[in-house]
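*Asks:* Sequence:
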Amino acid sequence: AGTSFHVGEVTRNPFHLIQPAWMLDNMRRGSELVGGQGQQAPDFTFATLYRACRWRQGGLEPLWPGGKQLSLDASPAEALEMASQAG
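Residues in the sequence shown are numbered consecutively from 1, following the numbering used here.
If you're looking for bench data, these hints aren't it; they were derived computationally from the structure. Incorrect hints may appear among the rest.
Said to hold, decoys possible - Cβ-Cβ distance ranges computed for the label pairs, FRET-style:
1. A83 <-> Q39: 16 to 24 Å
2. L49 <-> F5: 22 to 30 Å
3. M23 <-> G59: 28 to 36 Å
4. R54 <-> L24: 28 to 36 Å
5. D73 <-> D25: 18 to 26 Å
6. A86 <-> D43: 22 to 30 Å
7. W64 <-> A21: 20 to 28 Å
8. W64 <-> D25: 16 to 24 Å
Think of the CB as a built atom: it goes at the ideal place given N, C-alpha and C, for glycine as much as any other residue.
Can you make the complete structure from the sequences, with help from the hints?
*Replies:* Next comes the structure, spelled out in structure tokens:
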């Protein structure tokens, strides 16, 4: 695993304890950040938030204005492919 190359970092920071809480907080914050304030939160327990942008006409623009939620069953590759074809 990639963490085997970072033994010192893993020793100093107990990621197995920190990461679940971070992902729970991402779910709480992300449901409003991506879905919009006051919107129904998706039926996820954990989430990771990414700001997906593309370079166009000399600047960055969001791939999905307003954000996009991907379920566990969704293919990130397919979502990125659709976004690149749309623009």
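*Asks:* Honestly, do W64 and D25 meet the 16 to 24 Å range at C-beta?
*Replies:* holds, 22 Å
*Asks:* If I claimed the Cβ atoms of A86 and D43 lie 22 to 30 Å apart, would that claim hold in this structure?
*Replies:* For D43 against A86, whose Cβ atoms are near 26 Å apart, the range 22 to 30 Å holds.
*Asks:* Taking the CB of L49 and the CB of F5, does the distance hold inside 22 to 30 Å?
*Replies:* The hinted range 22 to 30 Å holds for L49 and F5, with Cβ atoms some 25 Å apart.
*Asks:* Lying within 20 to 28 Å: is that true of the beta-carbon distance W64 to A21?
*Replies:* Holds: the Cβ-Cβ distance is about 27 Å, inside 20 to 28 Å.
*Asks:* Given the range 28 to 36 Å, decide if the beta-carbon distance of R54 to L24 lies inside it.
*Replies:* holds, 30 Å
*Asks:* In this structure, is the beta-carbon distance linking D73 and D25 contained in 18 to 26 Å?
*Replies:* The hinted range 18 to 26 Å holds for D73 and D25, with Cβ atoms some 23 Å apart.
*Asks:* Could one say that the CB atoms of A83 and Q39 fall in the range 16 to 24 Å?
*Replies:* holds, 21 Å
*Asks:* That 28 to 36 Å hint for M23 and G59 (C-beta), does it hold up?
*Replies:* holds, 31 Å
When the structure is compared with the earlier hints, no violation turns up for any of them.
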